[in-house]
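Asker: The primary structure of each chain is shown beneath.
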Amino acid sequence: MVTTASRVPHELEFEAKRAPRGRWTLRQWLGMPLFLAVVGTALYAWVSAQELDSIEQRTLNAGELTKRVIEHLQLAAVSTVIVIAVAVPLGILATRRSARFVAPVVLVLGNLGQAIPSLGLITLVVLLAGVGFESVVFGLVAYSALPILRNTMVGLQQVDQTLVKSARGMGMSPMQTLLRIELPLAVPVVLAGIRTALILNIGTATLATFFGVQALGYVIFQGIQLDRTPVLIVGAVLASGLALLVDWLAAAVEELLTPRGL
Amino acid sequence: MDFYEYLVDNAEFLFSDAVDHVVVVALSIGIALVLGCALGVLAHRSARLRPVILAVSSTLLTIPSLALFAIFIPLLGLGTPPAVTALVLYALLPIVRNTVVGLGSVDQFVLRAARGMGMGSWRRFTSIELPLAWPVVLTGVRVSTQVVVGIAAIAALVNGPGLGNEIFRGLRSLGSPFALNFVLGGTLAIVVVALLFDAVFVLLRRLTTARGIR
Numbered sequence: 000m001v002t003t004a005s006r007v008p009h010e011l012e013f014e015a016k017r018a019p020r021g022r023w024t025l026r027q028w029l030g031m032p033l034f035l036a037v038v039g040t041a042l043y044a045w046v047s048a049q050e051l052d053s054i055e056q057r058t059l060n061a062g063e064l065t066k067r068v069i070e071h072l073q074l075a076a077v078s079t080v081i082v083i084a085v086a087v088p089l090g091i092l093a094t095r096r097s098a099r100f101v102a103p104v105v106l107v108l109g110n111l112g113q114a115i116p117s118l119g120l121i122t123l124v125v126l127l128a129g130v131g132f133e134s135v136v137f138g139l140v141a142y143s144a145l146p147i148l149r150n151t152m153v154g155l156q157q158v159d160q161t162l163v164k165s166a167r168g169m170g171m172s173p174m175q176t177l178l179r180i181e182l183p184l185a186v187p188v189v190l191a192g193i194r195t196a197l198i199l200n201i202g203t204a205t206l207a208t209f210f211g212v213q214a215l216g217y218v219i220f221q222g223i224q225l226d227r228t229p230v231l232i233v234g235a236v237l238a239s240g241l242a243l244l245v246d247w248l249a250a251a252v253e254e255l256l257t258p259r260g261l
Numbered sequence: 000m001d002f003y004e005y006l007v008d009n010a011e012f013l014f015s016d017a018v019d020h021v022v023v024v025a026l027s028i029g030i031a032l033v034l035g036c037a038l039g040v041l042a043h044r045s046a047r048l049r050p051v052i053l054a055v056s057s058t059l060l061t062i063p064s065l066a067l068f069a070i071f072i073p074l075l076g077l078g079t080p081p082a083v084t085a086l087v088l089y090a091l092l093p094i095v096r097n098t099v100v101g102l103g104s105v106d107q108f109v110l111r112a113a114r115g116m117g118m119g120s121w122r123r124f125t126s127i128e129l130p131l132a133w134p135v136v137l138t139g140v141r142v143s144t145q146v147v148v149g150i151a152a153i154a155a156l157v158n159g160p161g162l163g164n165e166i167f168r169g170l171r172s173l174g175s176p177f178a179l180n181f182v183l184g185g186t187l188a189i190v191v192v193a194l195l196f197d198a199v200f201v202l203l204r205r206l207t208t209a210r211g212i213r
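Going line by line, the protein sequences match chains A and B.
Going by numbering that gives the first Met the number 0, the letters in the first sequence line up with residues 0 to 261, in that order.
Going by numbering that gives the first Met the number 0, the letters in the second sequence line up with residues 0 to 213, in that order.
Treat the hints as calculated values from the structure; they're not laboratory data.
Computed footprint of chain A on chain B; a stretch qualifies when at least three of its residues, placed anywhere within it, have a C-beta under 8 Å from a C-beta of chain A:
id : region
1  : 58-67
2  : 70-84
3  : 154-163
4  : 173-179
5  : 186-192
Derived coverage of chain A by chain B (criterion: at least 3 residues anywhere in the stretch with Cβ under 8 Å from a Cβ of chain B; other residues may be distant):
id : region
6  : 112-125
7  : 190-202
8  : 205-212
9  : 223-234
The C-beta atom is built at its ideal place from N, Cα and C for all residues, glycine as well.
Extracted from the complex, chain A is given alone in its bound form (with noise of 0.2 Å):
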């Protein structure tokens, strides 16, 4: 961990928190699962044990509830697809030698946007595109697409270039280089931006319901606002256990997706 915080800037540490690390044990492959399938079973032992009235069975059944989970994974999904579309090319270009002096201005705008926060910037996507799913996807992309961007141009900058001088003497062309050394050393820093999107598009997925998209955000929103307690645990605890769920794919691909040399 102290390795790599010292190879990038202060102010990078908290998105390169999941550069390369071990091989995983047991305990990984097996805890976030175990632990979601306890919570899960807990859920379902609590509701149904609840005398539920008719305001919470309208919310609480089976087909009501997967609607708004598929809901809330196609938004994370195509989101998620979408900007990492946009920003890995996006922060390919920035790194390249023509196009040095974009990088850290790239990074300083960056540094800024991160301060808008999340609500306000898909309102205001929403208040300008208009209600409805493709709006959404679109604040979602606009918000995701730092870490991404980011962690594709820490990721790319810090293969060590005596690497790309010894591939381009050997006659790689730069475009060979960038294929088979540049980026898959930069896979590991690439991968953990590419979770972070993935995890700020599911998280920002519940706030979908203020523009007209049933997600999650719907079901807690329901609960808060009809004052029903049980309709809200659902809901928190389904969006909450969603996004456990997928951080944990997210892990899992990045553990089998790095290069075995790293």
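Model the placement of chain B on the given structure of chain A, informed by the hints.
Answerer: Here is chain B on its own, set in the frame of chain A:
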């Protein structure tokens, strides 16, 4: 009504919301600093507790903000209490992790030298380890603050105080010509608050870093 007129008309209102925002963030960060440092020291000292403490605090940061705010309503009611509780939990991870990193980067030879000079464990901690780790800890606090200033906007949902209320005013009047003003006003004011906090941290870093390592 253009944005400038809106700002002039609502300056007082925005200012009091901004003050509320700053107070809630400062309160949460203050609590998180004490709690996070304590947990960080514990994680630094005990190799067995370290993975548990780090895993729990990073799990907390993964939970969607709306869910974390909401889950405390049955226990704490609406308003400031659930907001501050959720914000403290969000602020923990960067502080805990940087405390562990900071303490871990203290040179072992320096500690042994201090021991050889006859310093007890408490004095070694307060006058060697903590001052040397402090710049890294403070960076963690700064990151936490940036995160919390943004998330605090969502506190308005649980009837919490702060600039989020201005954004929600815009949200509720979605479609009216004034909505954009409210949302833009609230959002920009939060950015200003975040930048002010950052400036304070630059100053704090100067003032609180031990002279020898400045």
